[in-house]
Structure formats: structure tokens, C-alpha cells
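Below, each chain spelled out in residue letters.
Protein chains: 2
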Amino acid sequence: MLAEIITIGDEILIGQIIDTNSAFISKELNKIGVQVFQITSVQDDREHILQALDEAAGRAQLVLVTGGLGPTKDDITKLTFCEYLGDKMVENQDVLDNIHHLFQKYFKREPSPTNLHQAMVPSSSTVLQNLHGTAPGMWMEKNNIVYVSMPGVPYEMKHLMRNEVIPRVVSRFNRPHIYHKTLLTYGMGESSIAERIESWEIALPAHVKLAYLPNLGKVRLRLSAKGPDQRALQEEVDGLMEELWKMNDDIAVGYEEETSIDRRIGALLKERGQTLSLAESCTGGAITEEITQHAGSSAFYRGSVVPYATELKTSILGVPAQLIEKYNVVSEEVARSMAVQSQQVFKSDYALATTGIAGPSKGDGTDEVGTVCIAIASPKGVISERFLFGQLRERIIRKAVNKAFEMLLAEILKN
Amino acid sequence: MLAEIITIGDEILIGQIIDTNSAFISKELNKIGVQVFQITSVQDDREHILQALDEAAGRAQLVLVTGGLGPTKDDITKLTFCEYLGDKMVENQDVLDNIHHLFQKYFKREPSPTNLHQAMVPSSSTVLQNLHGTAPGMWMEKNNIVYVSMPGVPYEMKHLMRNEVIPRVVSRFNRPHIYHKTLLTYGMGESSIAERIESWEIALPAHVKLAYLPNLGKVRLRLSAKGPDQRALQEEVDGLMEELWKMNDDIAVGYEEETSIDRRIGALLKERGQTLSLAESCTGGAITEEITQHAGSSAFYRGSVVPYATELKTSILGVPAQLIEKYNVVSEEVARSMAVQSQQVFKSDYALATTGIAGPSKGDGTDEVGTVCIAIASPKGVISERFLFGQLRERIIRKAVNKAFEMLLAEILKN
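So the protein sequences, as listed, match chains G and V. The UniProt record's numbering puts the first residue of the first sequence at 1, with every later residue one more than the last. The UniProt record's numbering puts the first residue of the second sequence at 1, with every later residue one more than the last.
Everything labelled a hint here was simulated from the structure, so no lab data went into it. Where hints are given, some of them may not hold.
Note that the list lumps identical chains together, so a pair holds whenever it fits in one copy or between two copies.
Keeping only pairs whose Cα atoms sit at most 25 Å apart, straight-line, the calculated DSS-like set for lysine-lysine is [unchecked claim]: (1) K209 / K27; (2) K226 / K31; (3) K105 / K158; (4) K105 / K362; (5) K347 / K362; (6) K226 / K27.
Use the sequences and the hints to build the structure in full.
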């Protein structure tokens, strides 16, 4: 069964915002065996929206639309839907109550006429109550095609998808089965992996596809399969995945659907009752942010210091000033000292340290832009490595983050 | 003049990656007066790609395609283009040389046959040399429509857009003028702003559009205008923007095209020769990461500590343990102490501190999930405020980051 997504908003087409909604919606639909055939981003423009709805309806049975539902004047999605359905707008009491409730709770004031106007919906639509905002979701039908309209604000859309849209799609449509599984690997390039598994890949059955998704030091290997029997499909892909893992045992981190490298690290540390601290210089908090974004990180993560100015490596972490002078601030020696000191200061079992030149200027170092030293202190000692990560700041930081996680996981697995 | 973007890749349609390329391409095209009419994401599938190319060609004069150019077997874009053009594939010597050069420089080995195969391109295409990867960009024409094919890897695509595609588009097409300007505001909701400026908005000329782009504590107000005379257009919008700024002087931070709130803060501090440090508990490095992502932050940013475990607030920052016991770790008192201590430890003029409960569990605090206290120590003293930011971890952190920047900027402007 096919679906299409239409995202509405000039801000997408002028590049002012990145459309993250489509990826979320696609993922949720995939889980229940609905395949997204196409994603289309169109203007806040009546004719363009009507055209996109028509085209999507020619290809899919379910059309999900986000955006264009705000209280302000640039949003015309709802009126256009009403026209498309040949319907008229009516005030919906549930939406009205919800608007009053939200204003009372969060803004301690009465909603304005502009806010109350959001309670108007096409008369034939089923309202999907938006508990996190004043714009309602709507479920509509025309010629046996289902149209769903949701606000573009990501967390409002996510709530509606999970609680209102997915359950309705499940009961409304018969769906075939799609199954994906993705192996996360770190430390080897796409083409090297491809050569390593070439004969296995050629021998894959026709209904199973392999995709390579490379990104700055990691490559994701995704198997996708479609078939009539969910259980058989899953067993088949799981079996193939085990083969793929075995062939790549030296670089495999886990299945993406179950973990990420930082989650894997967190899970291992929690399981062992061990802890982690970070001393991030050139990565400037990027590793810390990655770890703390997940709930439950406080169970193993102690804290970080980002000693951006060179002398803070000494004053806060206690890295000897003469070490920095002798070896240079960007050196394996300083990285190792940062890790060991961090381990002590934070009283953690493991400590990860980065020092490098993210560029574009050379800072206090004398080395080439892109030079990064990473060290890991573990209960058994300290290791370090020096890298050259190219020229672009953003990429240097991202590669250093990926490499740091790769080294940390390897070190934890060794101990 | 209209363009369309087609992004190719099953990984987009199953939601495995977020399409960030389209936003970048749209922004670059907008700067030179090319309007993106539609963005379409399609499968790695010959027929679907052919259909999308045909549809886009019916609406636009320029069709930019990303993705589907990797060395592995899931990528079929190039062959499909060749078929679409009625062309044949030939080996391109420049691409071949580039592949050899990249392998020598970065991998210290010979490219494989799979890698060398990437030198095949449709014979009528103009190769756009990709200095950062082995997949070449291609510029093609059919029936007076220009097609550009670029790799999907963001930094490779960005390089090609800036250095190869944009200059060619500029010399190939006559373009009308589009002008956008966006005012960043913090601290007031979309509908309150809309009511405040209602009569002004209604009186806007027809060729000028106003859009509201709200996001967790900030609202961006974008004016867009189209017209024949670039200079007149710019003057008109700049004038309107000044009016809009005046009406919103209490919440305006700057023009997004020129700044962001963290850049504005950085610029002010640099100008004054002042410095900043951070003590981030509940925001877990998110503010630090925001600041260090920009080149040049080391000129004003000293460093951060993320004392995630409660006792580290005492051992590393020197927050008195009895203060934490008396007031609770999530309190304005503790936030203020963290800020003042951070100011001293890092020897910075300003220090920003956060402590709160990002959830989903309550951690060491006893307060409601979503409670966040933010404090700022300045050369003149310390201020603090307590907030309730809802239920969702990701949103709580993001709102705290936005609010912290808002408070910090206000404090810097006061001094």
C-alpha cells in the first residue's frame, strides 16, 4: 500500500527550514508496512496545493500533509482542503475547548479571535485533537483516498501521528509487509565494504535490497525486503543480517533500529556499573550533547569539561603546563593527559579527551587544520591516536565525534 | 525563473536520513533570484526517476538532482539520466584522474574497478569536477531545460553548488529578482506578534509577503518580495523591515541573514574584549555546542563545565554542598552559584548556568519535569529565573537553550 507526503511551506522552498517531518512520518508508516512512494514540498499557494493533492491521489491511497495550519495569515492549507473536498467550514466545539484549555494553562489569558478561528474545519473532516497546540489535525476522504492534514510544528505532528493517525491507518487499510534492518559500521569505507561482500551481495534474493549509507567515518548497511508473510520475511532478513554482521564483525556496532554507537556505549557502561567523563577541546561539547540527548544518560555519564582556552586545560583539568609547552596543545601526549586528569577530576571509570584544530584558523596549535588527537583513559590505562580530518570545520568536528565513539566502544569491549 | 529539486534515494523515503541538501540548494538559488517551485523526493528506481524528471521539466527550466551516484549497486541515477537524454556512457579522463588522485592522497592505495567505473558519464554531459569525492557532478541539457546531477553527500554537493553550478546558472539564465529578509525575535508568541502588527501587515503591498516561523521560544518574521528592479526591491524591503523592527524592538535580536542570537552575543563580546564561560547541567552541552560550531568562537569563549552528576557541581565548580542541600539542586540559588563559580573558575566576564530536569525521570531533583533555572553572572552581578518548559526532553532542552541565549543577550546589552 502506497502513501505520499506533501509538506507545505514557502520556508521549505526558500531553504529557511529543513524538512524533518517527512523523515519521521516515513519511518512511522514503514513500521506498519506502508511504503512512502514520494515526498513533495510545495508552496503556501492554493493552486500548487490543489495540483499536488491531485497528483498524489493518482499514485497513492493515503496522502499526508503537514504545514500551513498556523493562526497567521500566511497559512491557507485548511481553506484549500475545504475547496478540494467541495465542503464548507464549520466551527468545531472540541477544538474550541482545546484552544481555551491551552491558553488557560500555558498563557494565563483568553485566546484572541485569531486563535479561536483555528477551530474552523471542513464539515466532513474528522478532527484529530492536537493536545500540544491550537491547530487541529484533520482526517478527510474523497473518492476513497484518505487525506490527513497535520500542523508543521514537529512535536505537534509527532504526537498526532503516533496517537491519532497510525492507529486509524492500521484499521482502515490492508497492508503488505515491508521489513528493514540496518547494520551500523564504523571505521571502513563504502567501497571497501562493497568489495568484501561482493559475492554475497550478488547472491541476494531479488526481493531483498541492500543499500550503503556512508557518513563521515561510518557506513550503514540496510537490507529491505517486501513480501506477503511478515514472519517469514523477518526471519529471512534477520538471517541475512547475521551473515552480513559476521562478514563485518570487525567494524559492526549494532543494528540501527535497536541502538546507536552512543546508546551501545551507554548500555554497556550501565550494565557494568561503570561511568564516563569527557574532556572536549576541539569537539566543543558535540560529544557531550550527543550523550545527554538521551534520557537515562545520568546513570553512567558523570560530566564534561570543555577547556577551550589552552590554559584552562591546566587550571581546570590539571594538565601540566610544561607538557603542553613541550609537545604542543594538539598532541597525543596532551590528549592522554586530559583523559587521565578527567578520569580523576570526575572520578569516572572511562574518560574520553579530544584536542585538535577544527579551523579555519590554527588557534593555539601549530599543526595543520584538521589535526585531531583523541585519547581514552580506561581502568586499564590510556590509549591515543592522531588523525587528519580534512579542511572543513563542521566535518572535522563530526568525524572526530564518530571516531571518538568508535575508539571508546572498542576500548570498552576490550576491558 | 523557476527551478525544481529532485532528491533520489530510498533512504529518504523510508525516513532513514533527513534531506538537508534541498534546503541548502534552495537557499543558494534564492540568493541569485532563482525560485524553487517544488522539491520532490523519489525512489532509487528508473521509472520513478524518469517520471519525476518529466514532471519537473514541465514546470521549471532548471532541474537539480542529488543522490544516487555512489560506487555501489543501489545507485542508478547516472544510467537513468543517460537513457533520458538518449545518450551513451563514455569514460571521462578528468574524472578518472581525480579518482586516482583522491585515492593516492587519502587512502594510499589504488582505486578498485568499482571506483574507476565512476568515471563513466553520458557523452553529452559537462563534467563538474568533484574535488571532495569520486562521484562527478554533471550538467546536461535536453529541449532547452538544464539538468544538473550532483552526489548526495552534503559537503560534496555544497562544493559543487558553490563552485560549479551557481556560476553556470548565473551566466546561462536571465533571472528576475527575489529578496528575503528575516527578523529574529525571542520571547513572544506568534499570535501576540500577529495582533501587535495586524494593521501594518494588512497594509503591506501585494508583492511583499510576511511569514511567521515560530520555534520554541523564538519567532522569525520573514518578508519576501519579487520585482523587476533589484535595488528598488531591496530598498523597499529594508525600509519595511526597519518598521517591523521598530514595532518589535523589545523582542528583536537581528536579521537572520546577518546573524543568529549566539553570533550576535559572540560579536558583542568580541567587540568589547569580553569573555564567556558556561556551566551547563540540564542542557548537557547543547549551548556549548551551539557556540563552538562557529569558527572564531575561541576569541570570546573560554570553556564550559557540564557537571551532570550533582556532587560535581561542588567538586569541580565549588558550589557549596549546603546550598544544594538547602535549596535543592534545581533552584535559582544553585544556578546563581554555578554562574558565579564558573565566572571565577574560567576567569570570564560572563558566565551562564543551567540546572533543571529535562526528564523523563526526575533525577536528583524533586521538582516537576520541565523545571529549569537559568542564571547569568555578569561583571555587575548575577540574575536568575525559573521556568517550566513542558514535558518532552528534547523540547525542554531546546527551549532552555533559546531562553538562555535570550537572557544572556539582554544582560550583555544592559551592561
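Going down the list of hints, with the structure as the test:
With identical chains, the CA atoms of K209 and K27 are at most 25 Å apart within one copy only, with a shortest distance of 17 Å there and 34 Å across copies. Within a single copy, K226 and K31 get their C-alpha atoms as close as 12 Å, which meets the 25 Å cut-off; across copies the closest is 43 Å, which misses it. Taking the shortest alpha-carbon separations for K105 and K158, only the intra-copy value of 21 Å comes in at or below 25 Å, while the best inter-copy value is 45 Å. In the homo-oligomer, the alpha carbons of K105 and K362 lie at most 25 Å apart only across protomers (22 Å), although the nearest pairing inside one protomer, at 51 Å, exceeds that limit.
With identical chains, the CA atoms of K347 and K362 are at most 25 Å apart between copies only, with a shortest distance of 23 Å across copies and 32 Å within one. In this assembly of identical chains, the alpha carbons of K226 and K27 lie at most 25 Å apart only when taken from the same copy (15 Å versus 37 Å across copies).
Of the numbered hints stated above, none is contradicted by the structure.
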